[in-house]
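Peer 1: Listed below, chain by chain, are the residues.
There are 2 protein chains.
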Amino acid sequence: MEQRVLDQTLAQVRAYLEASDLAGAIALIEALRPPDQADVFEELRLGQQEILLPRLDIEDAADILEELEDEDAAELAKRLDVNTLAPILDEMASDEAADLLGDLHPEQVSQALAQMADADGVQALLVFPDEAAGGLMTTEFLALRRDMTGAEALAAVRQWAPEEEAAYYLFVVDQDGRLRGVASLLDLIKAPPRARLGEVMDPDVIHILAGADQEECARLMARYDVMSLPVVDENHLLLGVITVDDLVDVLEDEATEDIQRLGGALPLDRRYLDTSVLQVTWKRIGWLLLLFVTGTLTASVMRYFEPLLTTEVTLAFFVPLLIGTGGNAGSQTTATIIRALAVGDVDWRDVLKVFWRESRAGILLGLAMAVVGFIRALTYGTTGPLALAVSSGLLAIVLWANVVGALLPLLAARLKIDPTMISGPLMSTLVDATGLFIYLTIAKAILQI
Amino acid sequence: MEQRVLDQTLAQVRAYLEASDLAGAIALIEALRPPDQADVFEELRLGQQEILLPRLDIEDAADILEELEDEDAAELAKRLDVNTLAPILDEMASDEAADLLGDLHPEQVSQALAQMADADGVQALLVFPDEAAGGLMTTEFLALRRDMTGAEALAAVRQWAPEEEAAYYLFVVDQDGRLRGVASLLDLIKAPPRARLGEVMDPDVIHILAGADQEECARLMARYDVMSLPVVDENHLLLGVITVDDLVDVLEDEATEDIQRLGGALPLDRRYLDTSVLQVTWKRIGWLLLLFVTGTLTASVMRYFEPLLTTEVTLAFFVPLLIGTGGNAGSQTTATIIRALAVGDVDWRDVLKVFWRESRAGILLGLAMAVVGFIRALTYGTTGPLALAVSSGLLAIVLWANVVGALLPLLAARLKIDPTMISGPLMSTLVDATGLFIYLTIAKAILQI
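So the protein sequences, as listed, match chains A and B. When we follow this note's numbering, the leftmost residue of the first sequence carries the number 29, and every step to the right adds one. When we follow this note's numbering, the leftmost residue of the second sequence carries the number 29, and every step to the right adds one.
Think of the hints as simulated: they come from the structure by calculation, not from any bench. Everything numeric in this text was worked out from a predicted model, so none of it was measured. Hints should not be assumed to be uniformly reliable.
Unchecked claim - One-sided and incomplete, this derived list gives chain A residues near chain B with beta-carbon spacing under 8 Å:
| id | residue |
| --- | --- |
| 1 | R83 |
| 2 | L84 |
| 3 | I86 |
| 4 | G209 |
| 5 | L214 |
| 6 | L290 |
| 7 | V305 |
| 8 | F320 |
| 9 | P335 |
| 10 | S359 |
| 11 | A363 |
| 12 | R385 |
| 13 | M397 |
| 14 | A398 |
As the list claims (entries may be wrong) - Computed far set for chain B versus chain A, every beta-carbon distance over 10 Å:
| id | residue |
| --- | --- |
| 15 | V33 |
| 16 | L393 |
| 17 | W428 |
| 18 | V431 |
| 19 | I445 |
All C-beta atoms, glycine included, are put in the ideal place defined by N, C-alpha and C.
So that you can see chain A by itself, here it is in the shape it has in the complex (with noise of 0.2 Å):
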């Protein structure tokens, strides 16, 4: 739904709640989806939300908690009443119900758990993290038996009447609970009523150890197309399933992740405008500070040539045009190497074809940017040999910083490190220093100074 259409509608919903109007609004807020229930439903005061969501349909107060982010649905869920409170969440699904009773009071979770229908689907999940594939799967699934029918599993799944992702695929167990196989709707609709389910499975599983991330996960369902992936433990029981609107939500959750660890940030934890001045400052901090200190290197290296930059201070003017373009230079490598390794294009055993690689091209970038700096350093009006310092240094820093921002990335995840954590400030950070002493030398060198 448009940006347009859904301000009206929230402005006609607040209305309706200023005029006391509670039918008015939740007719609105019930003909809308879900995700756009949820956009109006954040707007509005929390006052206002704690009166409304009891009085909506049970299913639609569901789908709202759900769509809220994670802060926003436990604020509210934290005001509700246990006997309003119970039965929402055994709508919920329940990996998002262990999520939200994950950021409520032990108090008001035990409350809340005594009172539930799903109790022990949800509890099981509570010991998951929130990013792990426990933490991920749903507890709604169906198992089913090699030796049913095709037509007794399609009488079940009939019966049972899943939410739509989950019904795609059905999960074959043994009679410990071990997973078997997996046949999918469609294989159900097309087999003979009366095959067994032995025979129109699929033997060979795909699926997740429940401990692992949620990174895992998705990558395992992109790769192989995979529309619900089970959770298994050591033993191969069948835990949960994992469906593939979670894999989309964790594809975008890790993108935003990387970017901004990429920019030199913590990522924060929920939305920009939802994060207050003081956390967006706090995530930034701390990476400021360290790459101030690492940064201070360079007043040293500075300091450590004061003899010649006094003699001959146009070298000193082209310092921050240097070391500036070693940075950037880095910053395109880093980025384009940390996102071959999340994708998985590359890995620590390529090191040497990337270091042969990037060494090429920093020949080659290092040479166009020597000789425009030759042109420019001249045209600036500094002496030949000047100038040939400037452009040996320019070739020197870009060939380092594009070796560096390579290697770095790969060692970090060798290190078994989150490649992201190299950005680009640390990247810039490092060759600021490093490469600024590459100049200065190769100009002494040069100038005999």
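Starting from the known structure of chain A, fit chain B onto it as the hints suggest.
Peer 2: Below, chain B without anything else, positioned relative to chain A:
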């Protein structure tokens, strides 16, 4: 499948091929899942690929051409005889077949189309760009009539036997082929067998125009958790369907492009290791040169303040540190805002809100850096006024970088320029010259030189 196992399989396939045991190589490849087949296949020499592909099961051959990188698939297809190629194209999803044909020589295309059974469906797709909804959709969908019963619809599905992804949503059209509703396979199974589709279907279908950008398709599918998105023309005629596996690919491609642009390079069109060093260089050199030219402004600013810098050479020693810190602060802000724009958390209308937030964050961060910078300058052995100049410069530069870093991406979005053009390197370069000017102006005023 683990990389190690894949490597072993590849070695075995190569050994069979060396020994001219085609049957052995084929058996190994056919036992793999399609993405693994493609991974093994792309490591073989083109001559080996050309011999193997026509001898594989035709479904496997089609899967491999779908899974290979576009350029690799085209290179291989160009070497195939039209009698071999046409049936494989028929077996491929129509969107993938159209993408492949788009990369071939026009003469080969018309020969292949002449021999294909599904030439019409594929030909219709050739008119759409790869990155539009029309280029992403498949034309293999089942369009049903409102007066069909659920049982008849299920029989049609059974007879049609489509690909998994295409089967879970069935679209209902009127006699002119206009999209009128959607029913999921689950809806059909749950409905009484004699119920008409007109009663079972949801008439409010989320859909998209054929000309829309793939990013818009992805956002719509992700927001509303739909697993297939019908594509229509201006007359609401149903043209095709985008399936969820396409969504995942689009999300990954868009994130890769964003990250490469943020690093200050043009996006690579193919995987990193499949891109030649010359192409990698080419994708980076434009921005690097442009930023270099912009960066030469710093040298002019330095010269403008030459009397100040020769009197107080220590001021110059802090230049790399100060502009580096400005670049870092700007890069942090830019990355956050660009991602917030990409996922729809902010837009141009939030410009004042963002300005006010980043001003406050900039002051907080700037104050912190000013304190640390003041102490660092004193321990470096500078005078009090000089330390004051450095720390005031830091405050001003960080605040300036934060505000510029926040506003530029918003401005780009407003001007309908891709905000990821405002890369980290562009930000640092813009902040370098302006920040330098601010720092030296403040220093001049404080030191009264």
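Peer 1: If a hint holds in the structure, say so; if it does not, say that too.
Peer 2: Taking the hints in turn, this is what the structure says about them:
This hint is violated: A/R83 has a C-beta 24 Å from the nearest C-beta of chain B, more than the 8 Å allowed. The beta carbon of A/L84 comes no nearer than 19 Å to any beta carbon in chain B, farther than 8 Å, and the hint placing it at the interface is violated. Nearest Cβ of chain B to the Cβ of A/I86: about 19 Å, over the 8 Å cut. The hint is violated. Below 8 Å, beta-carbon pairs count as interface contacts, and A/G209 has none with chain B, the closest being about 15 Å; its hint is therefore violated.
Hint on A/L214 holds. Least Cβ distance to chain B is approximately 5 Å, under the 8 Å limit. Nearest Cβ of chain B to the Cβ of A/L290: about 6 Å, under the 8 Å cut. The hint holds. Taking 8 Å as the C-beta cut-off, the interface hint given for A/V305 holds, the closest approach to chain B being about 5 Å. With 8 Å as the threshold, the beta carbon of A/F320 comes within range of chain B, its nearest partner Cβ sitting at about 6 Å, so the hint holds.
Interface restraint check: A/P335 against chain B, minimum CB-CB distance 11 Å, threshold 8 Å, status violated. For A/S359, the shortest C-beta to C-beta distance to chain B is roughly 5 Å, which falls under 8 Å, so the interface hint holds. A distance limit of 8 Å between C-beta atoms decides the matter here; for A/A363 the minimum to chain B is near 2 Å, and the interface restraint holds. A hinted interface residue such as A/R385 counts as satisfied when its beta carbon comes closer than 8 Å to some beta carbon of chain B; here the least separation is about 5 Å, so the hint holds.
Because the closest C-beta pair between A/M397 and chain B is about 6 Å apart, less than 8 Å, the hint holds. Of the supplied interface hints, the one on A/A398 is violated, with its beta-carbon coming no nearer than about 11 Å to a beta-carbon of chain B, more than 8 Å. A cut-off of 10 Å between C-beta atoms confirms that B/V33 is not in contact with chain A; the least separation is 14 Å. Chain A draws B/L393 into its interface by the beta-carbon criterion, the shortest separation being 6 Å against a cut-off of 10 Å.
Once the 10 Å rule is applied to beta carbons, B/W428 is consistent with being away from chain A; the minimum gap is 14 Å. At roughly 13 Å from the closest C-beta of chain A, the C-beta of B/V431 stays outside 10 Å, upholding its exclusion from the interface. Taking the minimum C-beta to C-beta distance to chain A, about 18 Å, the non-interface status of B/I445 holds against the 10 Å cut.
Of the numbered hints stated above, those contradicted by the structure are hints 1, 2, 3, 4, 9, 14, 16, listed in ascending order.
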